[in-house]
Structures are given as C-alpha cells and as structure tokens.
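There are 2 protein chains.
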Amino acid sequence: MRQSQLFTKTSKTISQEEVSVNAQLLLRGGFIDKLFAGVYTMLPLGFRVLTKIETIIREEMNRVGGQEVLMPALNPKENWVVTGRWDTFDVLFKLTGSGDKEYALGASHEEVVTPLVQKFVFSYKDLPQAVYQMQTKFRNEARAKSGILRGREFRMKDLYSFHHNQQNLDEYYERMIEAYFRVYTRCGIREKTYLTFASGGTFSKYSHEYQTITEAGEDSIYICDTCNIAFNSEIIEDVNHACNQCQNKELREAKAIEVGNIFKLGTKYSAPFGFSYSDENNNQQPVIMGCYGIGSSRVMGTVVEIHHDEKGILWPEEIAPYSLHLVSLCQEPDHIQQAEVLYEQLVAKGIDVLFDDRPDVRAGEKFADSDLLGIPTRVVVSAKTLAQQSVEIKKRSSEDSDFKSIISFLAEV
Amino acid sequence: MRQSQLFTKTSKTISQEEVSVNAQLLLRGGFIDKLFAGVYTMLPLGFRVLTKIETIIREEMNRVGGQEVLMPALNPKENWVVTGRWDTFDVLFKLTGSGDKEYALGASHEEVVTPLVQKFVFSYKDLPQAVYQMQTKFRNEARAKSGILRGREFRMKDLYSFHHNQQNLDEYYERMIEAYFRVYTRCGIREKTYLTFASGGTFSKYSHEYQTITEAGEDSIYICDTCNIAFNSEIIEDVNHACNQCQNKELREAKAIEVGNIFKLGTKYSAPFGFSYSDENNNQQPVIMGCYGIGSSRVMGTVVEIHHDEKGILWPEEIAPYSLHLVSLCQEPDHIQQAEVLYEQLVAKGIDVLFDDRPDVRAGEKFADSDLLGIPTRVVVSAKTLAQQSVEIKKRSSEDSDFKSIISFLAEV
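Same order as they appear, the protein sequences are chains E and C.
Under our numbering, the letters of the first sequence match residues 0 to 412, in that order.
Under our numbering, the letters of the second sequence match residues 0 to 412, in that order.
The set of hints was computed from the structure by calculation and includes no laboratory data.
Watch out, some of these pointers could steer you wrong.
Said to hold, decoys possible - Interface residues of chain E toward chain C, partial, derived using beta-carbon atoms under 7 Å:
1. K8
2. V38
3. L42
4. V68
5. L69
6. M70
7. G96
8. Q128
These figures come from a predicted structure and were not determined experimentally.
Note that the Cβ used here is the ideal one computed from N, Cα and C, for glycine as well.
Based on the sequences and whatever the hints tell you, model everything.
In structure tokens form, the structure reads like this:
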C-alpha cells in the first residue's frame, strides 16, 4: 500500500475526550475513528490489524473443532423471554420493528445458538459439537470509556459447545484453555495474561477469565506467582485471599483487562429451551453446554496498552497492519525510481509492505509517523543508502539500525 | 471437513412458510437457518459460500483502489437528520440507548462515510478516494419474503467514491461497471445479468442497477438485445419504450432481481455535510461522490435461483462451499481405511474437500444429499472402485461419470 494513497492521515492532536492510551494512539495513527462515545469505525490500518487478530482466533477455534457460522444481530424478544434474560440482561439494546415486533440486538448468542443446534442434535451420536461466530455485538453501556476496550458496539468471537455429559465438557474446556493461550501468544500478550478464577453461576462455582495486566484495566486481580494463575477481586473473599491450588497467601494485586471469558454453562440454557438428547438406552438426557468469548477489538486495544512507548505503538509481528514500512527519503527522480522498483519487488515477493512514498513530507515527520504506526520493521531508502546500493533497517523495538545491501535484503526478506 | 462431524443435517422437508426456491434449497441443504421472517443464520456450509462471494468482491474492489474499513451499525440520529433521511428513509430501524440517545441501524452508510472522509480530505491532492466495507445491514421491511433475496438483516458491500470533479467520477464509474461484471462472472451469474438503467436523482438522470433474470425477481426489466443493456420498468416511460443507446423498440420484458446498484450521487451528501476541498487556486469546491452496492447474501440467493435443478443446487466453481465431495460407500474396515487415506491426501494437497464418511447412511441417501448440496465434483470411493484402485468421478452438472485410477486422480486434482 502506498501511503500517499491511504485516505487516512496521522495526527499530532491528542483528543481531549479520550483518556485511554489505546484510543489516543489508535486515533492519532488513523487506525480508528470515533463516531460517538463507545462506537468507532475501523479505518484501513485498524481493519487490517483486526482482521489479523480474527484470523488467528479463527485458526485456533478451527483447531479445536469449531464450526463457523454467522448468527443474526436481530434477536426476537421471544428467545430472550425463554431464558429470562429479556428483563435481567442490563445492557441489552431493545427495538421495535414493523408489525410491532420486538427485538434485542445480540449482546451474546446463547438465546440463538441453543435452539439452532437443538434443530440438528437428537442423539448422543450427534454430540459433542462446537459452533462459533466472529461478529459485531451491541451493549447499551451507560458509560462508554477506555477507547475500544469497552464499546457499545464491538467485535467478538463467541463459541458454544454442546456435550453429552460433564466429563466431556470438562475435557473440551481444558482444550479451550490451551487454545486461548495460543491466541494470546500469537497476539503478543501472553506474558501478561493470566488464567483467572472469576464468579461462576448455578452450574459451576467459578468461571475463568483471561486477564491481561495493564494500568488501563478496569478489573483488579490477585496473582499467584507460584501457579501462574489469578483470582478476580470479586471472588477473593470466597477463596479466603489464598490460591485455591497451592494455598499460597502471598497474592500480588494488579489492575487488568479481561480479554476472554470461558464458562461452564451446564444446562442453564439447554433446560429452558428443552434441549435434550437420547442416550444409548434411548433415555432423554439434558445437553451440557459451555461458552467461550474473546472480544477481538478489545484484544486490539489491549495490545496497544501493553505495547507502546512515548512515540507510538509497537505491533507484535503477527498482527501488525504491515510487516515492513518502506520509507523513501528520495528526492532525485533517479532515486525515486529506485525506491519504486524496490517497493514493486517487495510486493511481488508477497511481502505486506506499507510504502511511504509521500513526496512532500520531511524525513523527521516520516520517522515520527513510522514510530507512531508501529510497523515492526522500518526500511529506509535514501540518497545516502542508494550511494551504497543499500537500505537502512531498523526494528521498531530497537534503537539501532543496520545498513544492508539491497541484494541481500531482498534475498533474506 | 468430515460430514459426520458437521453439526447441520440435510432435510427432505420442504418448508411451508417459504415460497422461494433459494430459501427452500438452502434450508434443506443446511446452508442457512431461519430465525424469523427475513432473518437467517448462515450455517457452516452457507457461511463458506458467503465468505467466498465476499472474498471475490473484496478482491475486485481492491483492484479498483478501494480501501476497506468497517463502519458502525449504530448510527447517531444527528447524522441522518443532517441529510434529511431520518424522516424519509422508510425502512430505517430506530432505537434509543442509554441517556435517551437515538440511533438508526445502518441501512446504508452515506451518513457515516461522508463526515468520516471529510476529516482527512482537504485539498485536491487528497482526491480521489474510494472507501468500502463488507457489513451486516438492517432494513425494517414490512414484508420479508423471497428467502435471502430480501431480508431485514443481510450482508452488503458498500463502496463510496470521492472526486474533485464530474469527469473524474465518470471515469471511476466506468471502471466500477467493469469491476461489478467481474464479480458476477466469478460468481457464475454474468450471463443472465444486465446493466440496467434505473431512476436517478437530483444529480444524475439515471442510476444503474445490475439485474439478473429469474422468475424469482421482484423487478421487471426491458432488455435491448442489440446493446445487451436493460431498462427498469420504473423508467420505461421516460425512455419512450425504446433503447436510449440504439433506439431499438423491440425490447424484451423479463422478471429480474437487482444484484447491485451504482449511483452518481454528485453533491447530494457532501453538500449537507459541507464537505468541500480547496482546488489548485485555493478555492473551495464541492466534493463529488458516487456509491456502489452489492448485497453479498442476495447474490448467494440469486445464484441458487439461477443454478439449481429438481435435485438441488449446482454451485459455480469459485463460490462452492467445497470443490470436491468425496463420498465413501465403503463398509469393510480395509476399504474405510483406504477412503480415509485418500481424504487425508486431498487435505494435504490443500483441496477444499467435504468427506461423506457417515457410516450408517445408505448410498442412495448419500447421492441425494450430494446432489442437494451441489458441490461441483463428486468423487465416489467404494468396494467396487477400490477393486480397480480407482474412484468414480461425476460433475454435478453432468449425468455421466468416469472411473479414474486413484494415482492419476491425485496427480491431476
């Protein structure tokens, strides 16, 4: 992509409305645009990051047998009445359509997925199943803040699993714990992310959250450094301020953001929909469910909170909008032409490259923009480098740069 | 994908509620599920088809310089008041959120994209631009019918272009006409699709629709077979029942479905938002806009209306849920094992293959399902074919099948 053609621009203005680092840097870099509080447009650079995060999640969900669908955002009121959540889910957007039909905007999809899977599952032979989607979700938050960490409209992956008994759910749940950690590893936030005990429900004492440590987080967690797990402050009394695995009482408190939540639902949703299956002896048994959510746009915001410095963002390799930022400082027609050829060669090699070909922007501004955008590797081509038939390569995460001949750069890239 | 693990099942039941062929076949095949009138879930097979259609559209929009974004579905009332459409857009879903804030659910995104692009475009040097998204749209239709041809919630690609003058828009519009035809060619509906003059607006006498001939269509068009263009019945009086290109009066009437619409908007949306740019002489000039829509889920339904027979769907190659349907009729453990090996070899080769490995389904039922699902190529492996170390290959579109040795099948696939 040629930066001269990108319709967005970077900005030096720090939004007065936004207090969060993720919103400030993502707005300044032209990754997102704010339509109103809690609702953002994903601009081309941000959409690329979001797509890469969602691709990682998709791959990991497919690895654990997830089947991808796309459920409607418009949910009939009836489905939410069945589970009792029409009146109790406090952030549900409600609206009325033609014929006075009432809808909820999907904030979570147990009310749709349960009767859906029920249509196809009759026997123990049809279980287990795992169904997921990558979708825009809506929540009528009273206060929207924290940039894309907590929005009124956001992107989320939600997977629902269906089992013939508790043991089968428990085994799948363990596989999902690992799948989620693979997602966070690939997104570059694994080291600061803890599997965290959180409040459960009727069918399980605890659920699990994935909490990433950051000052921007709204949650407080207590970390057991022996077991590398944590406890949400909401249950710290329940566990008597001690790790429930090793009884360690030296728990370390930290602020954190929830980047995922997995939950053993039991029959909470299958029961009200009357979703059962016939077992080997032809007896009807209740279907046991689990649910597993990751907010992909929230992960994007969390990455920015974790990976930035005073100059801008440092995107992890696998989710960076581009792998290479080719920055041309060339002024002479002959040099400009050589930079163009280099860009075309990189594109032909299938490299994801952003090419700063803007003719009327000073070097200092180009470097500042490059640091703000946070592409992992910057490659400068200039009169100085071309005199040596070379480019200057610098990692965003490092202060040092290296000169390398264009030939070996192209051979190794 | 192993068919034994797919959570959906085919059905022989023809829905009494659905009159359209696309809904009946897509429901029976397990491509979609109906949540309520006009609102469907995309099931795994349907989601694959939709994704392939959207990938084609994305590639063709990128080829004409489109930059992909994702705009919010929640639109503030204020934006729609600016253009006057809050009160005049008859199928707008409206809702109220916390703080009594009023929203529209995005039915089209001129009200969001215009002030968005305005934030980044100041000078003639910043133009032209083309911005698009692939998104779920909402329309509060009084009557929802025709399956996924006209829904209350549907998938759509909408692109908006921004120009410094009319000529620049006109040139881009011509490029887009060709881009759209490439989409329809790749989706297998080009031959029945006509560029059709339709009513325009304040800024252009006519807009253009792409109309695909089918009895399921809600529109009437008049085709000029000399020019291979058509006229929507809504403007046939305006053109005096004659082709406005060659004056041919022998126009052929047909029922058709609108699968795309492109429109020269002029300053209809830039004017109310005060979106102008400074020209070479530093004078402010109005930005000229165009918009270009394709309903990707509607294209999916149209393909089914065009490509089916009494047994089921015939998916065009490029948008089929899978390229190959490997159907095992094996009963003996040794044969089952050979079928498994063949499946694994196809997967390893990167072939999109659906493997009917269901152990307890009769051959006749497997063949009926295969015809219903409409994957372009069926490959049968059975005791009979394995006796010759071969497979039996049949195109969905043909009555004839061929035996081929497994070795040459694998070499050529």
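Status of each hint after checking the structure:
1. A distance limit of 7 Å between C-beta atoms decides the matter here; for K8/E the minimum to chain C is near 5 Å, and the interface restraint holds.
2. Against a cut-off of 7 Å between C-beta atoms, the interface hint on V38/E holds, since the closest Cβ of chain C lies about 5 Å away.
3. Annotation: L42/E was flagged as interfacial toward chain C, and the flag holds, the nearest CB pair being 6 Å apart, inside 7 Å.
4. At a threshold of 7 Å, the smallest CB-CB gap from V68/E to chain C is about 6 Å, leaving the interface hint in force.
5. Checking L69/E against chain C: minimum C-beta separation of about 4 Å stays under 7 Å; hint holds.
6. With a cut of 7 Å, the hint placing M70/E at the interface with chain C holds, because the nearest CB-to-CB distance is about 5 Å.
7. A hinted interface residue such as G96/E counts as satisfied when its beta carbon comes closer than 7 Å to some beta carbon of chain C; here the least separation is about 5 Å, so the hint holds.
8. Interface hint at Q128/E: satisfied, since its Cβ lies 4 Å from the closest Cβ of chain C, which is below the 7 Å cut-off.
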